[in-house]
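Keeping their order, the protein sequence lines are chains A and B. Using the numbering used here, the first residue of the first sequence is number 91, and each one after it goes up by one. Using the numbering used here, the first residue of the second sequence is number 688, and each one after it goes up by one.
Some hints here could point you the wrong way.
[Unchecked claim] Part of the chain B face toward chain A, derived, beta carbon under 7 Å:
# : residue
1 : C732
2 : R733
3 : M774
4 : F803
5 : N807
6 : H834
7 : G835
[Claimed, not checked] No farther apart than 30 Å at their CA atoms in a straight line, the calculated lysine-lysine pairs in the DSSO-like style are these:
#  : chain 1 : residue 1 : chain 2 : residue 2
8  : A       : K576      : B       : K773
9  : B       : K746      : A       : K432
10 : A       : K432      : B       : K773
11 : A       : K633      : B       : K799
12 : A       : K432      : B       : K754
13 : B       : K690      : A       : K439
14 : B       : K690      : A       : K432
15 : B       : K754      : A       : K576
16 : B       : K742      : A       : K282
17 : A       : K313      : B       : K702
18 : B       : K697      : A       : K432
19 : B       : K716      : A       : K633
20 : A       : K307      : B       : K702
21 : B       : K838      : A       : K432
22 : B       : K773      : A       : K651
23 : B       : K742      : A       : K313
24 : A       : K313      : B       : K849
25 : A       : K439      : B       : K702
26 : A       : K564      : A       : K576
27 : A       : K548      : B       : K742
28 : B       : K742      : A       : K633
29 : B       : K716      : A       : K432
30 : B       : K746      : A       : K313
31 : A       : K548      : B       : K702
32 : B       : K809      : A       : K633
33 : B       : K746      : A       : K474
34 : A       : K136      : A       : K108
[Claimed, not checked] Computed, partial: chain A to chain B, Cβ under 7 Å:
#  : residue
35 : K432
36 : Y433
37 : G512
38 : E579
39 : C583
40 : F587
FYI, nobody ran anything at the bench for these hints, they're computed from the structure. Every residue gets a Cβ at the ideal spot worked out from N, C-alpha and C, and that includes glycine.
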Amino acid sequence: MKVKSIRDLNKLKSEGEKLLRPKNIRVQVGTTPYALSRKARDVIEKLKKELDQQNIDATVVRVGCVGICYEEPVVEVIIPGKPKVTYGSITVDKVPSLVKAISKGKAVKKYALYRTDQEEIICSGKTFSYASRVPSDYKKIPLACEFKFFQPQVRIALRNAGIINPDSIEEYVARGGYSALSKALTKMTPEKVIDVVIKADVRGRGGGGFPAGLKWKTCREAKGKEKYVLCNCSEGDPGIGMHKTLIESDPHSILEGLIIGGYAIGAMEGYIYLHYGYASGKEKLLKAIDQANEYGLLGKNILGSDFSFSIILKEGAGAYVCGESTALMATLEGRSGEPRPKYIHTAEKGLWDCPTNLNNVETWCNIPPIISRGAGWYGKIGTKSSKGTKVISLTGNVNRSCLAEVPMGTTMKEVINKLGGGIVKGTKLKAIGVGGPPAGLLPASLADLPIDFDELVKAGSLLGSGGMIVMNDKTCVVDMARFFIKFLEEESCGRCFPCREGIKRMREILDGLSAGIGKDEDIDLLQEIVDCLSEASLCDLGKSAPNVVRSTLRYFREEYKIHIQQQVCPSKRCTM
Amino acid sequence: MIKLTIDGKKIQTGKNTTILMAARENRIKIPTLCHHDGLSPLANCRLCVVEVTEKGRTKVVTSCNYKVAEGMSVETKTENIIAMRKMIVELLASRSPNVKLVRELADEMGIKDTRFVLENEKCILCGLCVHVCSEFIGARAITFSGHGSEKIVSAPLGSSAKDCLGCGACVEVCPAQCITMKDIEEARTYSSGDHEHLGPARLIHNWNVRVLWKKCRVCGNMFPPPSPMKYLKEEKPLPKQFFETCEKCQ
Ligand SMILES: Cc1cc2nc3c(=O)[nH]c(=O)nc-3n(C[C@H](O)[C@H](O)[C@H](O)COP(=O)(O)O)c2cc1C
Ligand code: SF4
Ligand code: SF4
Ligand code: FES
Numbered sequence: 091m092k093v094k095s096i097r098d099l100n101k102l103k104s105e106g107e108k109l110l111r112p113k114n115i116r117v118q119v120g121t122t123p124y125a126l127s128r129k130a131r132d133v134i135e136k137l138k139k140e141l142d143q144q145n146i147d148a149t150v151v152r153v154g155c156v157g158i159c160y161e162e163p164v165v166e167v168i169i170p171g172k173p174k175v176t177y178g179s180i181t182v183d184k185v186p187s188l189v190k191a192i193s194k195g196k197a198v199k200k201y202a203l204y205r206t207d208q209e210e211i212i213c214s215g216k217t218f219s220y221a222s223r224v225p226s227d228y229k230k231i232p233l234a235c236e237f238k239f240f241q242p243q244v245r246i247a248l249r250n251a252g253i254i255n256p257d258s259i260e261e262y263v264a265r266g267g268y269s270a271l272s273k274a275l276t277k278m279t280p281e282k283v284i285d286v287v288i289k290a291d292v293r294g295r296g297g298g299g300f301p302a303g304l305k306w307k308t309c310r311e312a313k314g315k316e317k318y319v320l321c322n323c324s325e326g327d328p329g330i331g332m333h334k335t336l337i338e339s340d341p342h343s344i345l346e347g348l349i350i351g352g353y354a355i356g357a358m359e360g361y362i363y364l365h366y367g368y369a370s371g372k373e374k375l376l377k378a379i380d381q382a383n384e385y386g387l388l389g390k391n392i393l394g395s396d397f398s399f400s401i402i403l404k405e406g407a408g409a410y411v412c413g414e415s416t417a418l419m420a421t422l423e424g425r426s427g428e429p430r431p432k433y434i435h436t437a438e439k440g441l442w443d444c445p446t447n448l449n450n451v452e453t454w455c456n457i458p459p460i461i462s463r464g465a466g467w468y469g470k471i472g473t474k475s476s477k478g479t480k481v482i483s484l485t486g487n488v489n490r491s492c493l494a495e496v497p498m499g500t501t502m503k504e505v506i507n508k509l510g511g512g513i514v515k516g517t518k519l520k521a522i523g524v525g526g527p528p529a530g531l532l533p534a535s536l537a538d539l540p541i542d543f544d545e546l547v548k549a550g551s552l553l554g555s556g557g558m559i560v561m562n563d564k565t566c567v568v569d570m571a572r573f574f575i576k577f578l579e580e581e582s583c584g585r586c587f588p589c590r591e592g593i594k595r596m597r598e599i600l601d602g603l604s605a606g607i608g609k610d611e612d613i614d615l616l617q618e619i620v621d622c623l624s625e626a627s628l629c630d631l632g633k634s635a636p637n638v639v640r641s642t643l644r645y646f647r648e649e650y651k652i653h654i655q656q657q658v659c660p661s662k663r664c665t666m
Numbered sequence: 688m689i690k691l692t693i694d695g696k697k698i699q700t701g702k703n704t705t706i707l708m709a710a711r712e713n714r715i716k717i718p719t720l721c722h723h724d725g726l727s728p729l730a731n732c733r734l735c736v737v738e739v740t741e742k743g744r745t746k747v748v749t750s751c752n753y754k755v756a757e758g759m760s761v762e763t764k765t766e767n768i769i770a771m772r773k774m775i776v777e778l779l780a781s782r783s784p785n786v787k788l789v790r791e792l793a794d795e796m797g798i799k800d801t802r803f804v805l806e807n808e809k810c811i812l813c814g815l816c817v818h819v820c821s822e823f824i825g826a827r828a829i830t831f832s833g834h835g836s837e838k839i840v841s842a843p844l845g846s847s848a849k850d851c852l853g854c855g856a857c858v859e860v861c862p863a864q865c866i867t868m869k870d871i872e873e874a875r876t877y878s879s880g881d882h883e884h885l886g887p888a889r890l891i892h893n894w895n896v897r898v899l900w901k902k903c904r905v906c907g908n909m910f911p912p913p914s915p916m917k918y919l920k921e922e923k924p925l926p927k928q929f930f931e932t933c934e935k936c937q
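All chains, please: the whole structure from these sequences, using the hints.
Below, the structure written as C-alpha cells:
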C-alpha cells in the first residue's frame, strides 16, 4: 500500500492502534542485545508456551529498550481496560506465575516495577488512557511517575523506545509517526521548516552543540544542485549505547527526521552512517527503510507531493575518529577515514564537494516532534541556552547503569541519584566524566552543575554525546586520565603533528607518574602540551583530547603532586 | 584586491590568496614543514599557525590553508603562537632529532634540549611524498598506513610500490631528506643460478622498488625516469605521456 494522503496515513494509524492496543492481551518484551544477553529470548519462548497452554488470547511482541538496563529482561503486560504494568528482572521461572495472574486479569505486585494508567503521545500531545478505572490490586503498584527512574525524565528522542515494536511502521505511525513529515510536506515550505528548527534552537547532540537550524539554513542556501543529508550513528565512544538504543528501539524516528531534513535543505539523498560490524542495528534500519519505501514514505513523490528522497545505509570503518564529520564524509566517499582541514564548512562543501548537512542520530530523532508541536512547545523544555532534552548513558560506580532522557538543566547529582540509584554503597562520589574520552573530569563539588552545553564547557568539560561516567573515591584521577589518553592515542589518526606526537607524550608522562617516577616539571610540561594541542590540532579529536588532562590538573592538582612528591597513589590504583 | 593587516602591517593582496602567501609576499616569515607551493595545502604540521581576527572574533588557524578576507587582521608572532610552535618543534625534535631541518628549526627557536624521551625516526610524517605522488604525478604509488603514533609512509600494504614511476618527486619534496634513491647500471633478476640482465634501473629503497629504464616512444632509445620537478616548480601540469618520452624528445 502506498500512503499518498493524510487519509491513507490515518488508515495506517488505525492499523497500528489495533496492534498497540489490541482487543486481546499484549505482552511486550525488551529485546535489545543487552536484554538478550540476559536471556530475554528464553523468557519470550516461555511466555508464548505458557500463554498457549493456558489458552490465553495474547500476543507477545518484541519491543526496544525502556532504559532500565539493570532490570532486564523487562516485560510489560497490557490487558485491555487495565493499566499497563511493567515487570523487571523476569526470568524463565517467574513466567508461570506471571501468566497465571494474567489469566485472571491481575497483576503480580512483587515483580512489578510500576504501572501506567495513561501515556502522553509526544508527537501529538494527546493523552492515551489505558484504564479509566484502576482496579484495587493495581493501585498497590506505583505509578510510572512515582518510579524514581522516570521522575526526572522527559522522553522526546526516546518517545517510542520500549513501547513499540521497532519492526512495525504501523505502530510507529500510531504514536504520531510520520505526521510531522506529512505536516511539513503539505503545510510548510522548506524555509518554514528551517524557521521552526531555528526557533526551537535545537543544538546538535553529537558533541559540539552547534545550532542545527543554522547549519540547515547554510546548507539550503549553499550553491549546488545536489545536496546531502547525513545521519551520524558512528558512536565510537567505548561503553556507550545511546545510538544503539535509538536505532534498535525506534528506527523510523531517525528516518522521519532525515526525510524532513532532506525536504527542508533541498536534498534528494540521505545517508545513515553506521558503526562497522553492528549487525542488529543494520538489520533494524534496513527493514525500516524497506518499509518506508514500500509505503511511499521514501522514494518518488513522497505522500503524493513533489518531493522525492531516498536513504542509503552505509557501514563505516569503525574507528572512533570516523565519527568526526570530515572523516565520516571521507569514509563515505570510499577514502581513508581521516579528518580534513575544514575552513570551508561542510554545509557548503561536504560529501563529494556538495553542500552536506550532518547531524547526530539523536538530533534527527528530535526533529519530528518539534515540527509537529512547534518551537514554542520545545522551547519550554530545557534551559535558556540548551533547549530540549539529552539522552544520557550512565555508567561507572553508580548502583545502576542505565540509559535515560532528561530535560537540559537537570543536575548531574539528580542523574546520579535518581537514575543511577546513587553511588555504590560505602563509597563517595569523587569525579564525573561527561561526554566520553574527550570530556573533562569534574570534581564532586560540581555535581550540582546542570546538564547544559555551555555550563559544562565553562567548567572545563563537554556534554559530548552524553556518556556519563561516575567515579567514586577508589578512583585515581591520574590513572583515569591515563586510561582516556591511551584510548585517544590509539584512536588518533596520526595525521597532524601535535595530536599524534603530543598525545603519545602525555601518555608517557602519565605512565611515569603512575609508575612513581614522575618529576616536578611534569605538571608544567603536561600543561604546555595541553595548551598546544587544544588550539593547534587539525580536528576536534586532537583539540579535545587534552580536556581530561587539563581538567584533572585544574581540579585534582594535589593528587598529581602526591604521585610525584610522595610517590604514592592515594587511591592505590597505580602500581608503584 | 583584498585589504588586511598582518602583524599590524597594512597589506593588499589578491582574492584566493592564503595568509601564508600574503605574508611571504610581504617578507613576513612563517615557518612551515608540510607546505609546497606547487601542491594544495596538507595542513599536517601545524607549524604555520597564526591568530586571525575576523568580525571581532579571534581564532587560531593554519596560515597555509586559510584564505585572506577583507578587513581581516592576522598576528603571526603572539606569545601564544610562539609557544605552540615551540611545542610542536620540541615534539618533532624528540621524534626526529637527527633530521637536519628539524635541528635548524629547533636552533632558530632556541630549543636546546627536548624534555621527552628521544627517538630516532628519519621520517617526520609530513605527508608531502604521498601528496606529490598522488596529486601531481597521479601515480598514487605510496600511502600512509597505520594510525596514531604507529603511522608510517610506505608502499601499499608494506610490499613494493608497483605503481611507482621512479620519477623521484617524493625524494625532491621530502623536507627530511630521508627517501633514498639510487641509479644502477645493471639490474638483475634475483633468482639464483642464471641471472637475467635487465639493464639500467632506478632504486627507491623506502618504497621497495626498482624501476627499469624505458624505451622512448619517439626515438626508441632507453632513458631513465624523467624528473617532473621543473613543472612542479613552475606549477604547470605535466605534459601528456611525460613518462613515456625521453628528455630530448619531450
Ligand atoms: C573524534 C570525533 C568523534 C566523533 N564521533 C561522533 C559520533 O560517534 N557520533 C556523532 O554523532 N558525532 C560524533 N562526532 C561529532 C561530529 O563530528 C559532528 O559534529 C556531529 O555528528 C554533528 O551532528 P550534530 O550537530 O547533530 O551534533 C565526533 C567528533 C569527533 C571530533
Ligand atoms: S587532531 Fe588527531 S585525529 Fe584529528 S587530524 Fe590531527 S592527528 Fe588526526
Ligand atoms: S618520507 Fe619525507 S616527505 Fe614522506 S612523509 Fe616522511 S618526511 Fe614527509
Ligand atoms: S605548513 Fe601549514 S600546516 Fe604545515
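Query raised in the report: Is K809/B within 30 Å of K633/A, Cα to Cα?
Result: holds (27 Å)
Report task. Report holds or violated for the interface hint on F587/A, using the least CB-CB distance to chain B and a cut-off of 7 Å. Result -> Where the cut-off is 7 Å and the nearest Cβ of chain B is about 5 Å from F587/A, the hint holds.
Requested in this report: Measure nothing beyond the straight line between the CA atoms of K746/B and K474/A; if it is 30 Å or shorter, mark the hint as holding.
Outcome: holds (26 Å)
Report task. With a cut-off of 30 Å on the C-alpha distance, tell me whether K548/A and K702/B pass. Result -> violated (38 Å)
Query raised in the report: Do the alpha carbons of K746/B and K313/A lie within 30 Å of each other, as the hint requires?
Result: holds (27 Å)
Report task. Assess, step by step, whether the Cα of K313/A is no farther than 30 Å from the Cα of K849/B, and give holds or violated. Result -> violated (41 Å)
Query raised in the report: Against chain B, is K432/A within 7 Å by beta-carbon distance?
Result: violated (10 Å)
Query - Hint status (Cβ of M774/B to nearest Cβ of chain A, threshold 7 Å) - result: Given a least distance of 4 Å, the restraint on M774/B holds.
Report task. Below or equal to 30 Å on CA atoms is what counts here, so check K432/A against K773/B. Result -> holds (24 Å)
Query raised in the report: Can the hint on G835/B be confirmed by a CB-to-CB distance to chain A that is less than 7 Å?
Result: holds (4 Å)
Query - Proposed interface contact between F803/B and chain A, which counts if any beta carbon pair is under 7 Å - result: Check passed: Cβ of F803/B comes within 5 Å of chain A, closer than 7 Å.
**Report entry** Given pair status - K633/A, K742/B, alpha carbons within 30 Å
**Finding:** OK: K742/B and K633/A at ~23 Å, within 30 Å.
In this structure, the earlier hints numbered 5, 15, 24, 31, 35, 37 are contradicted, and the remaining ones agree with it.
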